Amino acid sequence: SFEACDLRDLGALFQSHLESDDLSLCNFVFDVRLEQCHEVAGDYRTLVVTLPAKQIIDVFGRHSHKIFRLNPRGPLGNKVNTGIKATLQDRLLRRMFHVLNNGLSAICESYRLSNTALEIRDFQIVNGCQTTVTLWNVRSLIQNDPEVLVNLKLVECPQHFHNLIAR
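In terms of the numbering used here, the sequence shown is residues 7 to 173.
What the hints contain is simulated information worked out from the structure, not anything from laboratory work.
This one's a predicted model, so the numbers in the text were calculated from it and none came from an experiment.
One or more of the hints may lead you astray.
Below, computed lysine-lysine pairings styled on BS3-like, alpha-carbon distance capped at 25 Å [as the list claims (entries may be wrong)]:
| id | residue 1 | residue 2 |
| --- | --- | --- |
| 1 | Lys72 | Lys159 |
| 2 | Lys91 | Lys60 |
| 3 | Lys91 | Lys72 |
| 4 | Lys159 | Lys91 |
| 5 | Lys159 | Lys60 |
| 6 | Lys72 | Lys60 |
If you anchor each label on the Cβ, the simulated ranges turn out as follows [what the hints assert, rightly or not]:
| id | residue 1 | residue 2 | range |
| --- | --- | --- | --- |
| 7 | Ala10 | Phe167 | 35 to 43 Å |
| 8 | Asn150 | Val105 | 15 to 23 Å |
| 9 | Arg118 | Leu13 | 37 to 45 Å |
| 10 | His166 | Ala10 | 36 to 44 Å |
| 11 | Asn150 | Val35 | 13 to 21 Å |
| 12 | Val46 | Leu170 | 33 to 41 Å |
| 13 | Thr88 | Pro152 | 20 to 28 Å |
| 14 | Arg97 | Phe167 | 37 to 45 Å |
| 15 | Asn121 | Glu162 | 27 to 35 Å |
Glycine is no exception: its CB is placed at the ideal position from the N, C-alpha and C atoms.
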């Protein structure tokens, strides 16, 4: 596939990637079940969870490229995206997506986990921009399929470590 952009489109994409509005704009609540989460204790709380892809689509729909403010690469259009898209378009492979895809790595200012919700303050995807944008682009195929899953690793860290982890 090929996507053509004029200079205005490229400028808008670049600007949306760099926007740094109020951090509270990237707050989000994921629906989770506590037994599906694995929390690692230590100096930096880390949570590993597998989510329905619809929830990643929803957070991107709400915040767009602002959730990639700290991502050093941004959305790339290349054969990786084509492979991700092909997996999601295949009825059998999409149900194994969380096994075939590396998932998302994200950082946050803080998170709170309860029995049915994961509340995140300043959610930032630092690795997985291509996956997220591709999920968004094929959302009509997968957003109502609860068996399409994506892995998320979330690290709660102080702001002065954000760039180090993102890099």
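These are the hints, each one checked on the structure:
Straight-line distance between C-alpha atoms of Lys72 and Lys159 comes to about 18 Å, which keeps the hinted pair within the 25 Å bound. Straight-line distance between C-alpha atoms of Lys91 and Lys60 comes to about 15 Å, which keeps the hinted pair within the 25 Å bound. The straight-line distance between the Cα atoms of Lys91 and Lys72 is roughly 22 Å, inside the 25 Å bound, and the hint therefore holds. Note on Lys159 and Lys91: the hinted pairing holds, with a Cα-Cα distance of about 22 Å set against a maximum of 25 Å.
The hinted pair formed by Lys159 and Lys60 meets the criterion: a straight-line CA distance of about 17 Å does not exceed 25 Å. Between the alpha carbons of Lys72 and Lys60 the distance comes to roughly 18 Å, so the proposed pair stays at or under 25 Å and holds. A hinted range of 35 to 43 Å for the beta carbons of Ala10 and Phe167 is consistent with their spacing of about 39 Å. A hinted range of 15 to 23 Å for the beta carbons of Asn150 and Val105 is consistent with their spacing of about 21 Å.
Checked against the hint of 37 to 45 Å, the C-beta distance between Arg118 and Leu13 comes to roughly 43 Å, which is consistent with it. At roughly 40 Å, the beta carbons of His166 and Ala10 sit within the given window of 36 to 44 Å. With their beta carbons about 20 Å apart, Asn150 and Val35 fall inside the hinted range of 13 to 21 Å. Range check, Val46 to Leu170: Cβ separation about 18 Å, and the 33 to 41 Å hint is violated.
Separated by about 25 Å at the C-beta atoms, Thr88 and Pro152 satisfy the suggested range of 20 to 28 Å. One distance hint, 37 to 45 Å for the beta-carbon pair Arg97 and Phe167, holds here, with the actual separation near 41 Å. The hint said 27 to 35 Å for the Cβ distance between Asn121 and Glu162, and at roughly 19 Å that hint is violated.
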